Amino acid sequence: MQRESIDAIEANPRYQQLVRSRKRFAWVLTLLMLGIYYGFILTIAFAPELLAIPVAEGAIMTIGMPLGVVIILSAFLLTGIYVVRANGHFDRLTKEIQEEAR
Amino acid sequence: MRRFAPWGVLAALLIPFGLAAAPAMSGAVEKQAVNVTAISMFVAFVVGTLGITYWAARRTRSAKDFYTAGGGITGFQNGLAIAGDYMSAASFLGISGLVFASGYDGLIYSIGFLVGWPVIMFLLAEQIRNLGKFTFADVASYRFGQTQIRTMAALSSLVVVAFYLIAQMVGAGKLIQLLFGLEYWMAVVAVGVLMMVYVIFGGMTATTWVQIIKAVLLLSGATFMAFAALSAFGFSPEEMFRQATEIHPNGLDIMGPGSLVQDPINAISLGLALMFGTAGLPHILMRFFTVPDAKEARKSVFYATGFIGYFYILTFIIGFASIVLLAQHPEFFKPEALSAEGAVLSERLVSGVEGGSNMVAIRLAEAVGGNLFLGFISAVAFATILAVVAGLTLAGASAISHDLYASVIARGRGNEATEIRISRFATFGLGLVAIALGIAFESQNVAFMVGLAFAIAASANFPVLAASIFWGRMTTRGALAGGLAGLLSAVVLTVLSKAVWGDVLGHTAPGPDGTPVPVGLIGLDNPAIVSIPMAFFFIWLVSLLDNSEQAQRERSAYRAQRIRCETGIGAEGAASH
Numbered sequence: 001m002q003r004e005s006i007d008a009i010e011a012n013p014r015y016q017q018l019v020r021s022r023k024r025f026a027w028v029l030t031l032l033m034l035g036i037y038y039g040f041i042l043t044i045a046f047a048p049e050l051l052a053i054p055v056a057e058g059a060i061m062t063i064g065m066p067l068g069v070v071i072i073l074s075a076f077l078l079t080g081i082y083v084v085r086a087n088g089h090f091d092r093l094t095k096e097i098q099e100e101a102r
Numbered sequence: 001m002r003r004f005a006p007w008g009v010l011a012a013l014l015i016p017f018g019l020a021a022a023p024a025m026s027g028a029v030e031k032q033a034v035n036v037t038a039i040s041m042f043v044a045f046v047v048g049t050l051g052i053t054y055w056a057a058r059r060t061r062s063a064k065d066f067y068t069a070g071g072g073i074t075g076f077q078n079g080l081a082i083a084g085d086y087m088s089a090a091s092f093l094g095i096s097g098l099v100f101a102s103g104y105d106g107l108i109y110s111i112g113f114l115v116g117w118p119v120i121m122f123l124l125a126e127q128i129r130n131l132g133k134f135t136f137a138d139v140a141s142y143r144f145g146q147t148q149i150r151t152m153a154a155l156s157s158l159v160v161v162a163f164y165l166i167a168q169m170v171g172a173g174k175l176i177q178l179l180f181g182l183e184y185w186m187a188v189v190a191v192g193v194l195m196m197v198y199v200i201f202g203g204m205t206a207t208t209w210v211q212i213i214k215a216v217l218l219l220s221g222a223t224f225m226a227f228a229a230l231s232a233f234g235f236s237p238e239e240m241f242r243q244a245t246e247i248h249p250n251g252l253d254i255m256g257p258g259s260l261v262q263d264p265i266n267a268i269s270l271g272l273a274l275m276f277g278t279a280g281l282p283h284i285l286m287r288f289f290t291v292p293d294a295k296e297a298r299k300s301v302f303y304a305t306g307f308i309g310y311f312y313i314l315t316f317i318i319g320f321a322s323i324v325l326l327a328q329h330p331e332f333f334k335p336e337a338l339s340a341e342g343a344v345l346s347e348r349l350v351s352g353v354e355g356g357s358n359m360v361a362i363r364l365a366e367a368v369g370g371n372l373f374l375g376f377i378s379a380v381a382f383a384t385i386l387a388v389v390a391g392l393t394l395a396g397a398s399a400i401s402h403d404l405y406a407s408v409i410a411r412g413r414g415n416e417a418t419e420i421r422i423s424r425f426a427t428f429g430l431g432l433v434a435i436a437l438g439i440a441f442e443s444q445n446v447a448f449m450v451g452l453a454f455a456i457a458a459s460a461n462f463p464v465l466a467a468s469i470f471w472g473r474m475t476t477r478g479a480l481a482g483g484l485a486g487l488l489s490a491v492v493l494t495v496l497s498k499a500v501w502g503d504v505l506g507h508t509a510p511g512p513d514g515t516p517v518p519v520g521l522i523g524l525d526n527p528a529i530v531s532i533p534m535a536f537f538f539i540w541l542v543s544l545l546d547n548s549e550q551a552q553r554e555r556s557a558y559r560a561q562r563i564r565c566e567t568g569i570g571a572e573g574a575a576s577h
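Protein chains in written order, with our numbering: chain U, 1 to 102; chain S, 1 to 577.
One chain only, chain U, in its complex shape:
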């Protein structure tokens, strides 16, 4: 890539917006996922009895069961949220930048 086109793309406000907003978005989702997972692991390490509380009076099923399923679903949902935004908004920005760069 030529020096001038690097300068031009870096100076493009759309490029700056793309980089900034995608970075923020990706890190927010990453921290959410890590928070959910390590919150779960630390609960298991330090307060496992919390997960063994029955979901209702007299029930056998514990809170930990639906919670585990919710964590699995959250991983799927978070990737889904990322795909929708990246394949829509971010890709539109990228395409505009590509066209301007030509």
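Hints listed in this document are in silico derivations from the structure and should not be mistaken for laboratory results.
Hints are supplied without guarantee of correctness; some may be wrong.
[What the hints assert, rightly or not] List time: in silico SDA-like cross-link candidates among lysine to any residue, alpha-carbon distance up to 25 Å:
| no. | chain 1 | residue 1 | chain 2 | residue 2 |
| --- | --- | --- | --- | --- |
| 1 | U | Lys23 | S | Phe470 |
| 2 | U | Lys23 | S | Asp293 |
| 3 | S | Lys133 | S | Arg59 |
| 4 | U | Lys95 | S | Gly70 |
| 5 | U | Lys23 | S | Ala560 |
| 6 | S | Lys133 | S | Pro292 |
| 7 | S | Lys133 | U | Ser74 |
In this text, all values refer to a predicted model and were calculated from it rather than measured experimentally.
Since the structure of chain U is provided, determine the placement of chain S on it from the hints.
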């Protein structure tokens, strides 16, 4: 009686992609009678996949066809293929066995395997897709000294692949011996030869379709099992849990976290290894180049996460239902084991199952679907192993032909036909080596090998890859130093851990009841919590100290790399406008 070792199961579970040499498979295996139904179903699978290989071979002409199926796989297909790589025989048999033995703890491990995927997607998938062409080394070496970084990346890819392959081949031999009643060496040779045929003739196209078919078979088989099992409880999970806690010797304790995760340091270290190891496995990273663009790459991770999450929920149901359903079948389960004197509570249940905890899902298949369905699930287990070894071998062959030959030896001046020919020879060579090592290691304890492969991927490949993408100040020397530091610390700490120092080298210490138990020199089961930071530290330190002319050039090349990373401008196979 075979002793049930929960930590042994965990070592096996460290291995999400491959067939683990889990405890029941690492010891001597009683050979079963030849299972005709299972073998005929497997033959049908082989005939079908060979037909696909023939079709794929006619379409495989260029290097791009061979390494990445011409970049023509859709996001949905690639998602299934990634899931096919991930849902191994080990996770199917190992996790359902772990749930059967310990209840809730099985779910903890399933979750650990899943959460790495979203993180790879958010931080790496797109960048890898935009920077690379065929292999992980393409990305890692993008703006660096090609000879040094490519050689290092190719060698560490080969090390990862080799450890995986050995564990796969040994596990395959044992499992097939158990399910099909074939001799160990015949099973190893059959897996090796079929895998060579798929890869040599059909390249990535055939490998991908083998993965897809296997994923569909495994998902439908597990779905049928879980539904048939739930129907026995009127589709009420509460009823299933109630009956399971009545039968399981540990009673209500199986409904919450048990003894498997106690120590937070080991839990976090395992989590790090699972998450970042996935992001450093050459055969997984290669899958991002089989799709046409970043859009499809993202979709494939989304579908893969969905399929894998669904699969883990199924294995959890299968494990819990087995506690009740197997106990009702005296032909698979010895009820007297439940009241055995002197055995640890959770071991009583497992010791009642013929073949041990790895056979729980197989026995349940027979209980809910009879001999026909048992044959189907056995054939799927065999197909699973084949699919995983094919993907691994293709990644290893690409490291030899694309990285070592085309970029380092021929310095980009070789021609494509030679490169493809070399990758086919490399596949053949790797296949022979895998068969030979599989037979040589038959009676060795190989459970540590995949754990080690995983640790190396997380500690050597991943830090170099991440720093190459995100840190503009990294230089060739920094990448070399960091990669080597991660590699060495992962290997050394694994050797000192219980899995090698105790289980393989035989160092023991008196256990709580005075009998000797295997121990490690250090208490860390997985090196990731030390070796990953070590790699990043050396990348940082050596890069900062590097003021050579080459280092200046590499730093100034980062701006262009960043733009390609972010926008895909100049990327391989970028859609033409």
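Hint by hint, here is what the structure shows:
1. U:Lys23 / S:Phe470: At roughly 11 Å apart (the allowed maximum being 25 Å), phenylalanine 470 (chain S) and lysine 23 (chain U) satisfy the hint.
2. U:Lys23 / S:Asp293: It holds: about 20 Å lies between the C-alpha atoms, which stays within 25 Å.
3. S:Lys133 / S:Arg59: holds, 19 Å
4. U:Lys95 / S:Gly70: With Cα atoms ~23 Å apart, lysine 95 (chain U) and glycine 70 (chain S) stay inside 25 Å; holds.
5. U:Lys23 / S:Ala560: holds, 18 Å
6. S:Lys133 / S:Pro292: Holds, at about 11 Å.
7. S:Lys133 / U:Ser74: violated, 32 Å
In terms of the numbered hints stated before, the structure departs from hint 7 and from no other.
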